[in-house]
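Chemist: Spelled out, the chains give:
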Amino acid sequence: MIIIRSLFYILIFPGVLFTAAFGLFLAGVDRKVVARMQHRIGPPLRQPMYDFFKLLGKETIIPHAANKIAFLAAPVIGFVSLALIMLFIPIFNFTAFSGSADLIVILYLITIPGVALIVGGSSSGSPYAGIGISREMVTMMAYELPFVLILLAVARKAGGDTLAFSMETISKWQAANGSMIAQWSMIPAAIAMLLVIPAEVGTQPFDVAEAETEICEGPLIEYSGAPLGLFKLNTAMKMLVMSGLFTSLFFGGIRTGFYILDVIVFMLICVAVTIVCMSTIHAVTARLKIEHLFKFFWTFVSGLALVSLILVWCGL
Amino acid sequence: MIQHFPVLAVMLLFLAAFCVEIFGSHNAGVRNTIVMIAATVAMVLIYALIKPVMIEGQIISYWMGNWEPVSGYAIGIGYEVDQLSLFFALLVVTTFWLSGVYSLGYMSKDHHLGHYYTLYLMLSGSVLGLVMTGDIFNMFVMIEIMTFASVALTAFRNDNEGALEAGFKYLVIGSMGSSFTLTGVALLYGQCHTLNMAQMSAILYQNLTPTSIMALALIVAGFGVKSYIVPFHTPAADAYMAAPTSVSMIFAGMVNKAGVYGMIRVLYTIFNAMDKSTVQMLIVIFGAVTMFIGVTMALTQHDFKRLLAFHSISQIGYVITAIGLGSALGLTGGLFHAMNHTLFKGLLFLTAGAVLYATGTTNLDKLGGLSKKMPKTCICFLIGAFSISGLPPFNGFVSKWLVYQAVYTKAVESGNFVYAIVTVVALVVSVMTLASFIKVTQAVFFGQCPVELKKTQEAPVSMLVPMYIMSALCVLAGLFYPLVNRFLLHPAAQSALNVTNYIDRMLGEGYAANMGVENIQVAPVQFSFWNPIVWLILFVVIFVAAGLVIIGSKEERGKMLQQGVKYDAKYATFFSGEEEMFSQVGGSDLFWGFKTDWKGYYRVLEGLHSGIVTDYAVYTVMATAIITVCMFVFMR
Amino acid sequence: MILVNYIASVVLIVLGLYTVCTKKNLIKVVLGLGIVDYGVNMLIVSLGFNDGGTAPIYQMSDLLNGVAPGFFVDPVPQALTLTSIVIGACVDAMALSLVIMIYRKYKSINADDVRRLHG
Amino acid sequence: MKFKEGITEKNVIIKCGADKFLPFALVFGLYIIMFGTVSPGGGFQGGVIVSSAALLLYLGYGYKVASKAIKPEVLRVNEAIGASLYVILGLCGIGFGLNFCRNVFFANGQVGDLISAGTITFMGYAVGYKVLCGVGFLLLLMLALLAPEGAEEEAAAEPAVEEIEAEEAAAEEVPELPLQETVNAVLETEEKEPMEAAAETVAEAVAAAEEKEGAAE
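Chains as they are written, first to last, in this note's numbering: chain F, 130 to 445; chain Z, 9 to 644; chain H, 208 to 326; chain S, 8 to 224.
Be careful, since some hints might not be right.
A few chain S residues that face chain Z, going by a derived Cβ cut-off under 7 Å, partial list only [stated by the list, open to error]:
no., residue
1, Ile-21
2, Val-84
3, Gly-104
4, Cys-108
5, Arg-109
Here are some chain S residues the structure puts well away from chain H; computed CB gaps all over 12 Å [unchecked claim]:
no., residue
6, Ile-20
7, Gly-24
8, Phe-51
9, Lys-78
10, Gly-102
11, Ile-122
12, Phe-129
Hints were generated in silico from the structure; no laboratory data involved. Predicted model only: the values in this text are computed from it and were never measured. Note that beta-carbon positions come from the ideal geometry of N, C-alpha and C, so glycine has one too.
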């Protein structure tokens, strides 16, 4: 029974299927909203899904210079780790595998899709991919510092005098004391998190790694067919994972008592986060330069997060 | 019988060293046989101690020449193997054996191998003796042998001027460190009138005089030199780079572990100083600075081995930070990271050696695209790189997690913001580690293959086997860490934190209690966050899915090649019309976005790593002075 | 007056460290290391000194008559010093031969020139 | 034998001095080694004195004679043999069911007799042998390292010597560091234990004397 339930968790509900489907839906929402803001009609909401299935049917070309195993394995590893993270993010008071969710585990798992993209791009042997992975890595270093500060602030807040790296404790704390976002000391951290999300996902102002117009999609330049489809799916899933993480870190206190309703609220908040921090910013900004990106994250965003951490430390 | 094993292992190595000198200087077969027999027997002797010491909890004490203590005073030289010693001894023999196997292939192109193996056995014997001895002066002697053997091995390829220079710097800084240690030992002798560590521990328990604080500061500085924490790290980077790779692996796996062992032994066992929050703070800050400077220097290196050297320094920073916390969690994490560092850094040095052996260079700008030429080495390298970057599910992840947990717990418990900053530094350093390994991956194994390297061959089997073993150990230690914790880490941490048994076993039951030493019991560290069963299932899912994609992808390149079509534009890499040879992305060109933002920092740092030996000596003296002053100001 | 010995040994150590840190000539650096060693040796020997003690050697008559405790100086530091002297000699020999080899490769024994590995 | 160049060879005083001192140094050194366990001195000190014979030879007759009279290669091997002997003698203790370095032979002598301290005596001899070979070898190597500046002139003057010099040069190129190093490292390994053991002998004797005293009272 436990095995069947585990398999259900892994494959259907918070796991692979739900993450993929809802992630693609969020990608559709994103495209639609951006189009609307730019006075276009935009593609239908299911367009990313169509794209994905279309790519699965296409031929996979592996260039001569590429290392075949790494080239093909990279998107899969990214995909699985993203599906995995969703298992450890509590959807209000539900976690698939309780007791094993931990902020540090999540922090590291979130880097894996990025690493997979880097390894895949790097293994293709293209100079454009080389530049792309370099930028991806710098982006990663850039958002890691504020991200870490945010997580530590939340953990400190939820833990009180003891330590709480556990997502479950954070969730319980919010159930008892109301959402994290209602604590005014956490507001700077929430804003910082909203800026970290687009960098993590790689949308408009922070998409230096895949800059289509400069380096021809960087790491993805040699990809085609199913692996490319998986990478596109990964990006969509990252949107869900990051907005889901945001929801459970900062909006964990909203609960209705009905499980289905909880999930719907969770999904609605995810959509809202996507619209606010990805679509809107995407529509109104232009791409940053890589060094500006780094400076932005290590000064402004980290500053916000640090303010939050210090406030929490002072007991506010 | 079992109590003879430690001394037999050490003496066997020394005896083998002399035998190599007598019989093996001209005959490769005899030489290799002696080396491998000695290495294997020493390994078996030490592994045989796991059951009595680690599992049954015995402590082995051994008095040379049966000179037992007379009326409570230790008069002889004692060997004492407790769990902590055995933990490090296991690391030492494992590294040593693997490095020995690797040397058979790797060093086969060099001359005068008799001397190489003599020094090599001597180095191993001295480190083994260092971690198992119970006598502080014997420890100092072993340190000296270790330093000399290290210097000579660093300068072994002395047709290369870098080797001589590195050897000289290492010698100067190393013997300064030894002099500090010796001064500390002398002061301690003046205080306690004994050289036995157990007895010192009992005498000095909660009873520190200014002289013994001075001794503590000097010995800590001395072991800092041996473990290459930051102001002392400068010659280490050169030595790692210039030494033959099998020796670099020993440095990373054994020599700086000897320094770490000394730190733990001195701080925890002899002085019991780790319950003082200011000492903790001092050591933790040294650790944090070490990890940060190590990794930022590594990001700009152009040489594979030098990059690995700076990473070695950086990872030791984690270990020092963790052991500086003085908590059971921190000590467990630190020991685990020390063990993992031995495994993955050894592995990475071995891959670097394989690349050097196959291509003749370790310059990152001249390498590239080797993953198709050396696929096995590439896979081993990736495992090592992911382990050191701490990606789950490899071993580095678990130990780093423990370190973060320990540091942040400390921060929350003590309410000290410095520890929170250290946690942030540790986490960011981890990403930077990842970044620099991405750089190596891109510059050496992936990316484009330069024309000169088209004919590169895979490394020979004798070099691949140690790499496989190390990779397997990296993965296993990550997956089965509860076993590692139960049988290795917890006993070791327990024995470091609770000195009663150590003292009693050496000087007779009840000695510690008479001297007022408290008996502290430590609960095993619980890992609740990470459920290996779930993770194993997920791993299987990953591999099944990967297999499906690889099988299911419509790939026709193989067929085309079989039909004799050599070139097809469809499978060519896109260069937008440039020639391939003009569009190389050099390894050192990566991350310029990062480097431009950090220009000022790097200018300062590169100025400090000037390469002038007197500058390094100045740092050493300054750091020692800082440690001394801090100890005096804070401990009184 | 054993205090004089302690002061002298500290002075020697400091002088040695000063030499290592300030002199650019590699041979002088090695000499500095030697001076540090001598200072430490002096410290150790002085530690074992008992006022009015004699050399720690037994005669047969001593053993038969019994020996008053504290009659000897402490023999252990002397053993330590001897070991430490040997080590010091080895440091010097090793370092000097390295300097000679470096001179052959670099044509200089100025520390400022011997810096091919840096940064 | 004729010598062309150099500072020392033609100086009769130094040569005669070396001649006179050589036997004395040998005998004195051997004495120190032999009586190391019962009187001041010991294997290391005696060994160094004996090996100063190499230095005397060099002073009196120059490097070539010294290295011909005392073959460095032989010294190197003998040094390792001495060290092995030390370890094996130490291991005898384990062979007799006791601990490493335990006195097992002749352990019941009269104080002051030559062979009264058991295995320690022989270990002292092993150390002495090892040190006299080791330090002698070390000295020869150091001298060889200093040789080449004069060697070039000599090579021009005396073509027959070229072969030897080529050998020397070859020997210099790679091995000298490790070799020398070996010597050094071995020296200290072995040095410590006999010394402390000697100290311990003394300490034990003190304890024994105290016991006797107590018994007498």
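Chemist: Each hint: holds or not?
Modeler: Okay, the hints, checked on the actual structure:
no.: 1; hint: Ile-21; in the structure: violated (34 Å)
no.: 2; hint: Val-84; in the structure: holds (6 Å)
no.: 3; hint: Gly-104; in the structure: violated (10 Å)
no.: 4; hint: Cys-108; in the structure: holds (4 Å)
no.: 5; hint: Arg-109; in the structure: holds (5 Å)
no.: 6; hint: Ile-20; in the structure: holds (29 Å)
no.: 7; hint: Gly-24; in the structure: holds (25 Å)
no.: 8; hint: Phe-51; in the structure: violated (7 Å)
no.: 9; hint: Lys-78; in the structure: holds (20 Å)
no.: 10; hint: Gly-102; in the structure: holds (26 Å)
no.: 11; hint: Ile-122; in the structure: holds (15 Å)
no.: 12; hint: Phe-129; in the structure: holds (19 Å)
Checked against the numbered hints given earlier, this structure breaks hints 1, 3 and 8; the rest are met.
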